[in-house]
Amino acid sequence: MLAMKHLQKVYRTHLIETHALRDFSIHVREGEFVAVTGPSGSGKTTFLNIAGLLEEFTGGEYKLDGVDVGGMNDAERSRLRNEKIGFIFQGFNLIPDLNLFDNVDVPLRYRGFNAAERKRRIEESLGRVGLASRMKHYPSELSGGQQQRVAIARALAGSPRLLLADEPTGNLDSLMARGVMELMEEINRQGTTIVMVTHDPELAVRAQRNVHVMDGQVTDLGEEPRLRVPASPEPMPA
Amino acid sequence: MEIRPILSALMRSKVALVLIGLQIALTLAIVCNALFIIGQRLERMQRPSGMNEVDTFAVTSSGFGEGFDVRSTMEADVTLLRSLPGVAAATAINSLPLSNGGWSSGLVLKPDQRTPLASAAFYFVDAGALDALGLKLVAGRNFKPEEIGYRTMNDNVTPAGVIVTRALAEKLFPGQGAVGRQFYIDDPRTTPPTTVVGVVDRLQEPWVDSKEIEYSVLRPQHLPYGNSSTYLVRAEPGRRDEVMKQVEDKLAAANPSRIVRGLKSVESVRAEAYAADRAMALILGAVIVALLTITALGIVGMASFWVTQRTKQIGTRRALGATQFDILRYFLTENFLITTLGLLVGAVLTYAFNVWLMTHYESPRLPWHYVPVGFLCLWALGQIAVLGPATRASRVPPAVATRSV
Ligand SMILES: Nc1ncnc2c1ncn2[C@@H]1O[C@H](COP(=O)(O)OP(=O)(O)O)[C@@H](O)[C@H]1O
Ligand SMILES: [Mg+2]
Chain E
44 MLAMKHLQKV YRTHLIETHA LRDFSIHVRE GEFVAVTGPS GSGKTTFLNI AGLLEEFTGG
104 EYKLDGVDVG GMNDAERSRL RNEKIGFIFQ GFNLIPDLNL FDNVDVPLRY RGFNAAERKR
164 RIEESLGRVG LASRMKHYPS ELSGGQQQRV AIARALAGSP RLLLADEPTG NLDSLMARGV
224 MELMEEINRQ GTTIVMVTHD PELAVRAQRN VHVMDGQVTD LGEEPRLRVP ASPEPMPA
Chain W
476 MEIRPILSAL MRSKVALVLI GLQIALTLAI VCNALFIIGQ RLERMQRPSG MNEVDTFAVT
536 SSGFGEGFDV RSTMEADVTL LRSLPGVAAA TAINSLPLSN GGWSSGLVLK PDQRTPLASA
596 AFYFVDAGAL DALGLKLVAG RNFKPEEIGY RTMNDNVTPA GVIVTRALAE KLFPGQGAVG
656 RQFYIDDPRT TPPTTVVGVV DRLQEPWVDS KEIEYSVLRP QHLPYGNSST YLVRAEPGRR
716 DEVMKQVEDK LAAANPSRIV RGLKSVESVR AEAYAADRAM ALILGAVIVA LLTITALGIV
776 GMASFWVTQR TKQIGTRRAL GATQFDILRY FLTENFLITT LGLLVGAVLT YAFNVWLMTH
836 YESPRLPWHY VPVGFLCLWA LGQIAVLGPA TRASRVPPAV ATRSV
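Read top to bottom, the protein sequences are chains E and W. 44 is the number of the first residue of the first sequence in our numbering; add one for each residue after it. 476 is the number of the first residue of the second sequence in our numbering; add one for each residue after it.
Possibly wrong hints are sitting among the right ones.
[As the list claims (entries may be wrong)] Derived list of chain E stretches under chain W, where covered just means 3 residues or more per stretch with a C-beta under 8 Å from a C-beta of chain W:
no.: 1; segment: 76-82
no.: 2; segment: 219-231
no.: 3; segment: 241-254
[Stated by the list, open to error] Capping the alpha-carbon separation at 30 Å, the derived lysine-lysine pairs in BS3-like fashion look like this:
no.: 4; chain 1: E; residue 1: Lys179; chain 2: W; residue 2: Lys787
no.: 5; chain 1: W; residue 1: Lys611; chain 2: W; residue 2: Lys585
no.: 6; chain 1: E; residue 1: Lys162; chain 2: W; residue 2: Lys720
no.: 7; chain 1: W; residue 1: Lys739; chain 2: W; residue 2: Lys720
no.: 8; chain 1: W; residue 1: Lys787; chain 2: E; residue 2: Lys106
no.: 9; chain 1: W; residue 1: Lys787; chain 2: E; residue 2: Lys127
no.: 10; chain 1: E; residue 1: Lys162; chain 2: E; residue 2: Lys127
no.: 11; chain 1: W; residue 1: Lys619; chain 2: W; residue 2: Lys725
no.: 12; chain 1: W; residue 1: Lys611; chain 2: E; residue 2: Lys162
no.: 13; chain 1: W; residue 1: Lys725; chain 2: W; residue 2: Lys739
no.: 14; chain 1: E; residue 1: Lys179; chain 2: W; residue 2: Lys739
[Claimed, not checked] Simulated DEER-style distance windows between Cβ atoms:
no.: 15; chain 1: E; residue 1: Thr262; chain 2: W; residue 2: Thr783; range: 24 to 30 Å
no.: 16; chain 1: E; residue 1: Asp111; chain 2: W; residue 2: Ala855; range: 39 to 45 Å
no.: 17; chain 1: W; residue 1: Gly773; chain 2: E; residue 2: Arg232; range: 41 to 47 Å
no.: 18; chain 1: W; residue 1: Phe800; chain 2: E; residue 2: Asn157; range: 17 to 23 Å
no.: 19; chain 1: W; residue 1: Gly773; chain 2: E; residue 2: Glu225; range: 46 to 52 Å
Hints listed in this document are in silico derivations from the structure and should not be mistaken for laboratory results. The C-beta atom is built at its ideal place from N, Cα and C for all residues, glycine as well.
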């Protein structure tokens with residue numbers, strides 16, 4: 044699903060060069076749930092941004108779903124991002140001036156779906172995160188946990204193959220964090236590959252695999268990836 | 476297109492929307508009406524007087540002292556002026572087009588006619604007038620030197636024949652041909668009628684505000700005002716200023732018992748006549764430029780503020796799959812919607828403003844096409860103004876979504 048080999052990322056400012064990633068290699072298979080941990084400034088967000096095509100890299104190779112993304116232009120990367128990747132941010136990143144329906148609608152419009160298809164997907168994905176009854180509400184009317192659920196619904200609405208989450212529970216209290224984590228586990232069980240950056244070891248252990256990053260390099264690939272045996276479906280948290 | 480979500484997001488910043496919308500509305504209303512007024516003024520200023528204005532100038536002589544003879548002075552002066560090098564033609568004349576001072580009277584066709592058919596200006600001239608004014612005779616003939624008489628305040632003489640403008644001829648004798656026909660130019664109860672001997676293409680009355688500005692009558696008479704007489708001189712092409720420089724001295728030397736004054740080119744007479752119109756057009760033009768600039772700057776400022784305020788949102792949209800063009804289009808569309816809302820209000824304001832001008836300043840009705848043309852111009856202005864901020868927005872890197880908090 045996601046294969047990086049000897050990836051490098053150097054940030055150049057007029058004073059200094061920062062080697063955010065050096066010789067960074069990782070392979071995430073279809074259907075995996077990978078937790079990425081590591082100290083602050085170690086390059087976790089940089090890795091996630093490059094994985095999600097938000098940033099370009101300065102060396103090495105990156106194949107997303109078998110496609111080499113190295114030479115793509117901005118429009119091609121935007122298109123790929125829109126079709127294959129769902130993002131979940133630490134700060135939720137909902138658009139404050141749009142209600143939940145329109146927030147989830149944002150990536151679907153860029154996808155070019157027709158109105159009926161978009162409506163179906165918005166209702167379905169808001170239903171999946173338990174917020175179908177709040178579609179006309181604005182983000183400011185929701186709790187942090189609920190906002191992150193909307194963000195997850197938005198990420199899921201376009202049926203992405205890969206979900207990237209940067210500290211998705213970083214702004215939530217532990218109760219809400221657990222709810223979000225359970226939701227992500229549920230999504231993973233239904234087949235979506237998830238890569239999640241977290242500094243919370245309790246959440247990290249719940250992932251199938253832990254990857255530890257230090258100084259822009261993967262130091263611990265964790266146990267060999269194995270696919271989780273589908274468990275009996277748990278009820279969705281409301 | 477994403478019109479509905481952009482609109483609903485806009486509705487959440489109503490104050491900004493109303494301020495910019497109103498600014499656009501007022502700009503449309505004021506610019507449309509101001510342009511219309513400027514157009515009317517320019518049209519008014521461009522009306523031809525009918526005479527040669529480029530090569531001509533006027534000069535006045537005022538006699539003083541015992542025994543000053545205005546009649547012999549006039550005849551001597553005209554002869555002198557015609558003999559000066561560089562002078563093509565000269566005439567004695569009582570008044571000039573564009574001078575806003577002169578003599579007019581009502582005209583009737585029959586002695587018992589109560590209400591005049593038209594009101595016309597009288598130019599008291601000699602046989603050199605057509606040449607000096609540079610008028611084009613379109614029917615009949617010019618005056619003969621022996622036809623020139625005198626008209627004084629106490630001595631009410633009606634000439635046997637006059638020359639009229641084509642517009643007046645049409646008014647008095649529609650479609651009949653005016654030459655040889657008779658009408659009354661002085662009191663019909665005490666004076667005889669006069670006969671049209673010639674028709675000139677056009678010659679304006681002296682009053683630029685006159686409603687019947689094309690109605691003029693040339694009378695073959697000298698009209699001295701007391702001891703004063705005025706002359707119109709046409710110089711050979713390109714020699715007007717040169718002739719003007721020497722004419723005062725020549726006239727003064729020829730007859731020392733008078734003052735020579737009022738030397739001015741007809742071009743300067745025109746400039747003076749339309750000074751207020753020109754000033755109005757310039758002021759309104761400045762108002763238009765200022766308004767458009769302020770509106771454009773307002774749009775740039777508002778859009779820049781919004782781009783800065785929404786940097787993270789833009790990054791998020793990029794992360795969710797928006798291309799640079801999608802972001803650019805978002806801001807262009809948003810501006811188009813704001814401008815359109817403003818313009819719809821502005822169309823009503825434009826109409827109301829015009830109605831107000833019509834009732835208070837006798838302004839004509841604004842032609843309908845001003846509003847759609849104004850829409851197009853302000854749409855273009857808005858899109859151009861927002862292009863800079865929108866381009867800046869499109870360059871916000873997607874990584875902003877994860878990097879900024
Ligand atoms: N845009 C940038 N310009 C320069 N340096 C950057 C930029 N973004 C990140 N860095 C640097 O790259 C390194 C890795 O950052 P990051 O990936 O955000 O770490 P983490 O998410 O693990 O805290 C840090 O040293 C950070 O200061
Ligand atoms: Mg980080």
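Hint check results:
With 0 residues having a Cβ less than 8 Å from any Cβ of chain W, the segment 76-82 of chain E misses the three-residue criterion, and the hint is violated. Under the rule that three or more residues need a Cβ within less than 8 Å of chain W, the assignment of the segment 219-231 of chain E is violated, with 0 such residues. Remark: the segment 241-254 of chain E is not confirmed as covered by chain W, as 0 of its residues place a Cβ nearer than 8 Å to a Cβ of that chain, below the required three. Straight-line distance between C-alpha atoms of Lys179 (chain E) and Lys787 (chain W) comes to about 23 Å, which keeps the hinted pair within the 30 Å bound.
Taken as a hint, the Lys611 (chain W) and Lys585 (chain W) pair is honoured in the structure, with Cα atoms around 29 Å apart against an allowance of 30 Å. At roughly 87 Å between alpha-carbon atoms, Lys162 (chain E) and Lys720 (chain W) are farther apart than 30 Å, so this suggested pair is violated. Distance hint between Lys739 (chain W) and Lys720 (chain W) is fulfilled; the C-alpha atoms sit about 11 Å from each other, no more than 30 Å. A distance of roughly 28 Å separates the Cα atoms of Lys787 (chain W) and Lys106 (chain E); the hinted pair therefore holds under the 30 Å criterion.
At most 30 Å may separate the alpha-carbon atoms for a hinted pair to count; Lys787 (chain W) and Lys127 (chain E) meet this at roughly 22 Å. For the proposed pair Lys162 (chain E) and Lys127 (chain E), the alpha carbon gap of about 20 Å is at most 30 Å, so the pair holds. About 27 Å separates the Cα atoms of Lys619 (chain W) and Lys725 (chain W), which keeps this hinted pair within 30 Å; it holds. Between Lys611 (chain W) and Lys162 (chain E) the alpha-carbon distance is near 79 Å, which puts this suggested pair outside the 30 Å criterion.
Only pairs whose Cα atoms come within 30 Å are accepted, and Lys725 (chain W) paired with Lys739 (chain W) is accepted, the gap being roughly 16 Å. This hinted pair does not check out: Lys179 (chain E) and Lys739 (chain W) have alpha carbons roughly 78 Å apart, beyond 30 Å. Distance hint check for Thr262 (chain E) and Thr783 (chain W): the Cβ-Cβ separation is about 40 Å, which falls outside the suggested range of 24 to 30 Å. The given range of 39 to 45 Å is respected by Asp111 (chain E) and Ala855 (chain W), whose C-beta atoms sit roughly 44 Å from each other.
Range check, Gly773 (chain W) to Arg232 (chain E): about 54 Å between beta-carbon atoms, so the 41 to 47 Å window is missed. The hinted range of 17 to 23 Å is satisfied by Phe800 (chain W) and Asn157 (chain E), whose Cβ atoms lie roughly 20 Å apart. Taken as a hint, the range 46 to 52 Å holds for the pair Gly773 (chain W) and Glu225 (chain E), whose Cβ atoms sit roughly 50 Å apart.
The structure does not agree with the numbered hints 1, 2, 3, 6, 12, 14, 15 and 17 stated previously, though it agrees with the rest.
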